[in-house]
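First to last, the sequence lines map onto chains E and P.
Residue numbers are given in my numbering: position 176 of the first sequence equals residue 176, and the series is strictly consecutive.
Residue numbers are given in my numbering: position 107 of the second sequence equals residue 1107, and the series is strictly consecutive.
Hint data in this document are derived by calculation from the structure and do not stem from the laboratory.
Any given hint might turn out to be false.
SDA-like cross-link-like pairs, simulated, lysine to any residue; straight-line CA separation at most 20 Å [what the hints assert, rightly or not]: (1) E:Lys-235 x E:Glu-265; (2) E:Lys-488 x P:Leu-1058; (3) E:Lys-235 x P:Leu-1274; (4) E:Lys-33 x E:Thr-191; (5) E:Lys-33 x E:Phe-380; (6) P:Lys-1084 x P:Asp-1010; (7) E:Lys-235 x P:Gly-1271; (8) E:Lys-328 x E:Asp-10; (9) E:Lys-488 x P:Glu-1180; (10) E:Lys-376 x E:Asp-10; (11) P:Lys-1185 x E:Phe-380; (12) E:Lys-294 x P:Leu-1239; (13) P:Lys-1399 x P:Leu-1058; (14) E:Lys-280 x E:Phe-380; (15) E:Lys-294 x P:Pro-1133; (16) P:Lys-1268 x E:Tyr-484; (17) E:Lys-488 x P:Pro-1241; (18) E:Lys-294 x P:Ile-1111; (19) E:Lys-294 x E:Gly-266; (20) E:Lys-326 x E:Glu-275; (21) E:Lys-294 x P:Leu-1058; (22) P:Lys-1268 x E:Asp-234; (23) P:Lys-1355 x P:Gly-1377; (24) E:Lys-488 x P:Arg-1156; (25) P:Lys-1401 x P:Arg-1336; (26) P:Lys-1268 x P:Ile-1111; (27) E:Lys-235 x P:Gly-1279.
Quick caveat, the model's predicted, so the values are computed rather than measured.
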Amino acid sequence: MDGTQGSIYDVVVIGGGVVGCAVLRELSRYDLKLLLLEREADLAEGISKGNSGVIHAGFNAPAGSLKARTNVAGLALMYPLAEELGVPHRKTGKLVVALADEDRPRLEELKAEGDRSGVPGLEIVGESEIRRLEPLARGRWALHSPHTGIISPYELTIALAECAWQNGAEVRLEAPVEAIAYGAGLFRLETPRGVFSARRVVNSAGLFSDEVARLAGIDDYRIFPYRGEYLITDKDCGLRLGMPVYPVPSRDDPGLGIHITPTLEGNIILGPSAEPVEDKRDAASTREVMARLKAEAARLMPELGRTSFIHSYTGLRPKLIDPRGKDKFGDFVIEESAVRPGWINLAGIESPGLTAAPAIAGMVAEMIGAGLDLRKRPDFVPERPRRVRFAAAGDAERAARVVQDADWGEMVCRCEHVTRAEVAAALRNPFGARTMDAVKRRTRCGMGRCQGGFCTPRIVEILQDEGVPVDRITKRGGGSRLFYGRLKG
Amino acid sequence: MMAERIETCDVAVIGGGPAGLAAALGARRAGAGSVVLIERDRTLGGILNQCIHDGFGLFLYKETISGPEYAERLIEDVARESIKVEAGAMVLDLAPDRLLRVNARQGYRLIRAGAVVLAMGCRERTREMIEIPGTRPAGIFTAGSAQNLVNLQNLRIGHEAVILGSGDIGLIMARRLAFEGVAVKGVFEILPWASGLERNVRQCLMDFAIPLELGSTVVEIRGRDRVESVVVAKVDGALAPVAGTERAIPCDTLLLSVGLIPENELSKRAGIELSPLTGGAVVDETLMTSVEGVFSCGNVLHIHDVADRASFEGFAAGKRAARFAAGERAAARTVRVSAGSNVRYALPQLLTAGKAGVEWSFRVTRPMRSVSIEIKGRTSGRIYARKKFPRLLPSELQKLKVSEAIEEDIEVAGHE
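Here chain E stands alone, though its shape is the one from the complex (with noise of 0.2 Å):
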């Protein structure tokens, strides 16, 4: 058993979503002993790898509440963030658009939520200027936001994980909380993958975090997961998006409406619907969804009517209201247990929580400072070694590659022209992921037109490679296995 008892972390995070990477690379500025555990079989899996990659500037939230402190604080440490880990990412702007005067007043109200929470910046434009900023967005007026950004959340979620794992903190995959007990000031947390005992516990468990407190014996929440979905179009749709553009929000959608937003590589994301669900790993997409993804987004930009998807997404998002109920809006919980002490809990971290997960980080540090001891380490390394991508080299960053090892030589993935470099560095990660999807979403391999099609059988031979035999090959881990063994002969 690789959990012995002997091992008393200081703090263990629980959760490897964007907000507890986030924490876990804030806590390892300190010296601590520090442990990750994730249920799934690799990071980013939960509702961090289905969302729309926005970094919010925090006007949709009610001036005040959690959500918009923590989305405006988290917008001024985003792009630095980023920056550090070398994670790619943009500052676009955002149009908010009204389609008819009689909305301009909801983005008069917009506007001034967004300056009450401080948001920089913000402006209402008219149609001209509309067309300036985004020639492909319609409107009669809108809200600008100059330093909405977007971003790959499960990069920045991988980024932030490794960039803590270099300075000292541990991570386990395929390590679900099953059972805790409480006692001499230790949490005892039990898992397929060992015991660990801890200090301080953060709960960052997302769609779960409900279920986990009450494993601590904390009742104190529950969680409602919504569905959102969403399509990808083909790069080569021929529309070169600028910035997100979003409708008004309508008062009673628990989203912000159906968007469309820039990939960093010229797809346009477009999406989601927002619905409540039963099932919390209810990803699946739905007919009726994707016709009014389609419609909705053709209200914002005729010419997404036409174009051709290469992809859809499904996104949870973990909401603390009742869908029955007459609340509209959930704020985020950010808070020590009272029964608890020493048990943070991290619940409702939906929409802005991507943009907000460093400013949240921070607070959690804050509350572990109050009863732990935090010295900085002197050799904390805040970057991360930037990851080449052969496609953004030019041609004699190209050529001494291949030099240098012949595997940047060979071209695994046709559409997104990734090479095996790329894909062995990738299975080398430092947690141990070696999924289909770890393998996606790390290198891109997967995501292009051909939807895997050319690169899963060179992936698959390369895995068997790097030693994962052919049984244990899956798409995402636990029953997702690809394969039943070999054929006869």
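Since the structure of chain E is provided, determine the placement of chain P on it from the hints.
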């Protein structure tokens, strides 16, 4: 630094499958001095290597052989010629001035070619392109990737399979899986007719008692980790699922054989005009694309029914590329060719005015009986060629030749 190291060749052929192998041979035999054949896989042959079934070569070799044997014969011919073969090398970029960026374990290089032949083949349509709702479990494969995993890597991809789409690879894989003891629950085709060749329907499904359900499709995929079942439903005349006809079929594997798309990523980079009807380049009677000196053949130009025809096109494209590299230039291509009633497309789409003896490839839009295909002048109404067919299927690629010279825009149409 890189500028000094641009290599040159007369003809560069991109892709070493049935079309590309033939193109390299065609170029060399037409006198091209230096021919480079660039294949991204580790060995030549392309998709032929995983097509271990019989049925290749009937037209080219007058006998039926397996895919690897067919490839072997062309590869042996290539080896006898002085053709520079670069396997494990992928062309990442093609500029309109015929500058290629090539990556391989041996090095990353730039090559400037006197003429280029595109022979990159095609890719398969995916689950996402046809927008099947449901979960995203493991166990969903395109038929061609399944063919690779089963035939080349000897892997068991499942125990119970449903196949969506009746394309040839799907039909071939239905039989292949049945051979390996996989229970093939059925092949479901949204159209009222099979997309694959008749002989494949007979030899791969009927002979193995695998049901083929026409006019039905998969409307939902179920299962969290691995496919647990798929829901199929009948479709109406507009191909929309009919409510109330759904039924769940338990299975752990879903194979998709829902169409092939010419893989024109490089063509797009070079700014080559593509046809929305074929998904491939718009070409003239020499198979030259809208970019001077760049020719196209095989499945990257339009989807073929059999490999032999892709090879024939390859020989022709290679020959024309060699002539272009030697300085031969065609006159302006002023005649436009369009597809008329019942014809999905006709190729070439452009023609040099006054050209005689040109042969058209075409496909019909639906199965037809006692049909007459005509090539007609759009101005004069004159019939340049007419041929009667007892039966035509959309799965078959057909040919029609005009012996006389054509000076006006023409239309290829079919009448029952």
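Those earlier numbered hints the structure runs against, lowest number first: 2, 8, 11, 14, 16, 17, 18, 21
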